[in-house]
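2 protein chains.
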Amino acid sequence: MPTAALQIKVSPVQFSRLASSRTAWLETLSDFLAFPSISAIPSHRPDMAAAAEWLANHLARIGLRHAQVLPGIQGGCPSVYADWLLSPDKPTLLIYGHYDVQPVDPVSAWCTPPFKAALIGDSLFARGASDDKGQLFIHLNAMESYLKTWGRLPINVKIWIEGEEEINSPTASAFLMREFERLKADAVLISDTEMINADCPSIIYGLRGNLTAELEVLGPGRDLHSGRYGGGVYNPLQALCEMLASMQDRNGRVAIEGFYDRVNPVLSPDVSLQGCKCCQLKERQILEALQVDTPWGEPGFSLQERITSRPALTINGLQGGYNGPGAKAVIPSRGTAKFSFRLVPEQSPRHVAMLLKRHLARCTPPGVKTRLTIGKGASPVLLSLDHPVMQAVAGAFRKTWGKAPVLARSGGSLPVVEVFQKQFQVPVILMGFGLPSDAIHAPNEKISLSQFFRGIETVIYFFAEYAKL
Amino acid sequence: MPTAALQIKVSPVQFSRLASSRTAWLETLSDFLAFPSISAIPSHRPDMAAAAEWLANHLARIGLRHAQVLPGIQGGCPSVYADWLLSPDKPTLLIYGHYDVQPVDPVSAWCTPPFKAALIGDSLFARGASDDKGQLFIHLNAMESYLKTWGRLPINVKIWIEGEEEINSPTASAFLMREFERLKADAVLISDTEMINADCPSIIYGLRGNLTAELEVLGPGRDLHSGRYGGGVYNPLQALCEMLASMQDRNGRVAIEGFYDRVNPVLSPDVSLQGCKCCQLKERQILEALQVDTPWGEPGFSLQERITSRPALTINGLQGGYNGPGAKAVIPSRGTAKFSFRLVPEQSPRHVAMLLKRHLARCTPPGVKTRLTIGKGASPVLLSLDHPVMQAVAGAFRKTWGKAPVLARSGGSLPVVEVFQKQFQVPVILMGFGLPSDAIHAPNEKISLSQFFRGIETVIYFFAEYAKL
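Chain order of the listed sequences is A and B. Under the working numbering, the residues of the first sequence are numbered 1 to 469, in order. Under the working numbering, the residues of the second sequence are numbered 1001 to 1469, in order.
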């Protein structure tokens, strides 16, 4: 539905470059970023519902059809759906994104309020700016560019925006089962990953799996005075540290028996970054973007390999005892840790969960009890790259970045990718525009505006290329 | 100042047994327990001042002289002083206590509000009920019993109640220097320790020292996504667990090089509980009171020895990363631990601090930085028991408990005891009435009413015995 001012022929790419378009998009995205749609925290459920409602309205506003909120499965968070299916002889693309975001603590570490988008220099700061509200808007803005100029999309599009990605998409499989007819497509496009760096467009073909766990160690039935009883009671915090330290050696090699049994000690050389000089040289740059001084990790592998193609164990949270000002002479009665494994394609969350349980059963000292809670895991995935749609992706990147994308693996997990693979059996395209410096899952998350606008152009070109296949 | 009703001759002990006295005392103590006088938390400074003011008024009310609040040293918390010095030919006793209390978290674990005293069965529950507001009131009530019946005390008494004991009495030494003339006495009496059990009155002749420390481990400059970067960045929580686990073996033996160099591997047999059948049999009972199933600690020593006569290391607090509901995929940028050593007489806080620094310097992995903050330590003490005043103590216990007190060491620390020893060079009497089940420093702290009232009687008898010396 082009406006009067746009009756002069403007292409979708030209439209996306107009200052007026860009200003409007940043304002709209800022409105979307204002919803504290934190899926992990139950008290934010009303914010989730409000964000979904707002999003469905926005999809209708830009000209998509059938925009609606679809109820969640088993009390889960709702999804948002819309489509544009008026090119009967063209392929159908399913775009997936998520409107939920990570928790924001430590809030004190944020320079600007996490749910009030702040434009500073080339960056828009807010929780979700990159992961995934901002990247999702790259697609919406690309589609808006088509609909506002040519009044149509060159391909058919369906869009599914879920609200549980940051909690490992626990109901995605059941949702896809229920909505199979509505969502089925010829390919799936997701922008929820990162490029190696701003000069190096990347198609991600591998994702690590994920297994989250929470370990509670219980000691004495109540807190005890550490002066009076220190040395005579097994301290649950001591046991917790010992158990966590026992799971990994100082080089980052997981020390759980059997953990590497199925892991190929040699990385497959066929698709990798070995040939990409620009990537090989950037280890120092990656560390700088992460504000890390010293490389670390499993011996015999590069940094890029360690964070994408090798499994890892990370302690995500530790808590116990007194942590206020000064000191408290206490042997606390309990301590907890949250930790997670990233898994490579030869591993399965179920098998690693079994190995973990066995390891903890062996190393729990007699003076304490433990409670282990294992989360819903995500399987690792390797994507096929030989479908013709990948040529359209490469072509789109070449037009915007002036070079072909590198093929890379990401260390992150996208549980829904495995679900798409299994249930749809169509190509899944991971066309991410995030950068390592985006600080996703951390305070001061941001998206680079140049990545954002270049991303919109890339998606516009991709639609055009895909229509030609 | 006896009231009209008490003109009939009632002895101080009889007065302390009257239901009316006891009811009034519990009400007054409850008023005192209502002040959240937590010295560790700076925001409670106004509560500290209010508690001190209230206490000075109470000391005047019961008939003591010169009751006043004395300003703290170097901005420290104020002290409360009073005296009764009208027995010129009798010895002068300095009673020491403290009106500050430990923090109350986790507040959710309290069955009743920590600053609203609750009388349930034989126990009065509140923060400070035993440590040390309740035990301090044993002395005040004993003095009130004398003053309300005979109108005088059989000895001279000074009382100094400080407000910084729970933060290791950082200014006590300077305070005693400033107030030397005002406070000097022939003996010091403190009730801030425990008896072995309710049947076993105990004089404590040894206290462990204390050294508190806080370790902050700093990793990447900001939180990182643990999927994208897990395996390539040294996690500060991992390093923290490794460093803490490296400081102690699983049997509770401190693994810091040089830690035991000065520690006598054999306990001195002269004064100990070896001969006390009632104590030797109570290991299971101690564990039950602590709600602990399994004995633990340094091989070759009994539970009682481990918690009183051997050094120990306790992690008091652990914090880092995400600890809310669900999971967060994060490599946090920092983690912290609070821990403390209890030291035996051959050790000094300064030496152990040096060993700790050396140990941490050696075991800090290259990928992280650390910040170590060491608190003001307390030296361990061994008290002489051969002063005649100890016979008066033993006599008082014999009258109330029907048996001589055992001589025991306590695992706790009372920094001020070393200061008294050094600056006054007079006997220090640790006449504690607490019980292991009092849950001091923990939720649901309480004092046993039978201990409380028996304690008052013991102190009344002690004054009388001391006057006879």
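Treat the hints with care, since some could be wrong.
To be verified - To be clear about the criterion: a stretch of chain A counts as covered by chain B if any three or more of its residues have a C-beta under 8 angstroms from a C-beta of chain B, and this derived list gives those stretches:
#, stretch
1, 219-225
2, 294-306
To be verified - So, partial list: chain B residues that the calculated Cβ filter (under 10 angstroms) puts toward chain A:
#, residue
3, Ser1043
4, Arg1250
5, Val1368
6, Thr1370
7, Trp1401
Said to hold, decoys possible - Here are the simulated distance ranges between beta carbons:
#, chain 1, residue 1, chain 2, residue 2, range
8, B, Asn1264, A, Ala255, 36 to 44 angstroms
9, B, Leu1218, A, Val107, 36 to 44 angstroms
10, A, Asp293, B, Gln1285, 34 to 42 angstroms
11, A, Asp293, B, Asn1264, 42 to 50 angstroms
12, B, Gln1291, A, Asp293, 38 to 46 angstroms
13, B, Leu1372, A, Arg45, 51 to 59 angstroms
14, B, Asp1386, A, Lys369, 44 to 52 angstroms
15, A, Ala50, B, Pro1046, 52 to 60 angstroms
16, B, Ala1109, A, Glu53, 38 to 46 angstroms
What the hints contain is simulated information worked out from the structure, not anything from laboratory work. Given the structure is predicted, the values throughout are model-derived calculations rather than measurements. The beta carbon of each residue, even a glycine, is placed where N, CA and C say it ideally should be.
Evaluation of the provided hints:
1. Counting residues of the stretch 219-225 of chain A whose beta-carbon sits less than 8 angstroms from any beta-carbon of chain B gives 7, enough to reach three: the coverage restraint holds.
2. Counting residues of the stretch 294-306 of chain A whose beta carbon lies closer than 8 angstroms to any beta carbon of chain B gives 7, which meets the minimum of three for the stated coverage.
3. Interface restraint check for B:Ser1043: the shortest CB-CB distance to chain A comes to about 9 angstroms, inside 10 angstroms, so the restraint holds.
4. Taking 10 angstroms as the C-beta contact cut-off toward chain A, the hint placing B:Arg1250 at the interface holds, the least distance being around 6 angstroms.
5. The beta carbon of B:Val1368 is positioned within 10 angstroms of a beta carbon in chain A (closest approach about 8 angstroms), and the interface hint is therefore held.
6. For the restraint placing B:Thr1370 at the interface with chain A, the shortest Cβ-Cβ distance is roughly 14 angstroms, beyond the 10 angstroms limit, so the hint is violated.
7. Evaluation of the B:Trp1401 hint against chain A yields a violated restraint, the C-beta minimum of about 21 angstroms exceeding 10 angstroms.
8. The hint said 36 to 44 angstroms for the Cβ distance between B:Asn1264 and A:Ala255, and at roughly 37 angstroms that hint holds.
9. Between B:Leu1218 and A:Val107, the C-beta spacing of about 19 angstroms breaks the proposed range 36 to 44 angstroms.
10. Judged by the Cβ atoms, the range 34 to 42 angstroms given for A:Asp293 and B:Gln1285 is violated: they are separated by roughly 53 angstroms.
11. One distance hint, 42 to 50 angstroms for the beta-carbon pair A:Asp293 and B:Asn1264, holds here, with the actual separation near 44 angstroms.
12. The supplied range of 38 to 46 angstroms is met by B:Gln1291 and A:Asp293, whose beta-carbon atoms lie about 45 angstroms from each other.
13. Under the hint 51 to 59 angstroms, the C-beta atoms of B:Leu1372 and A:Arg45, about 43 angstroms apart, miss the expected range.
14. As the Cβ distance of B:Asp1386 to A:Lys369 is approximately 47 angstroms, the hint placing it in 44 to 52 angstroms holds.
15. For A:Ala50 paired with B:Pro1046, a C-beta distance near 41 angstroms fails the hint of 52 to 60 angstroms.
16. Checked against the hint of 38 to 46 angstroms, the pair B:Ala1109 and A:Glu53 passes, with Cβ atoms roughly 40 angstroms apart.
Violated hints, in rising order: 6, 7, 9, 10, 13, 15; the structure is consistent with all others.
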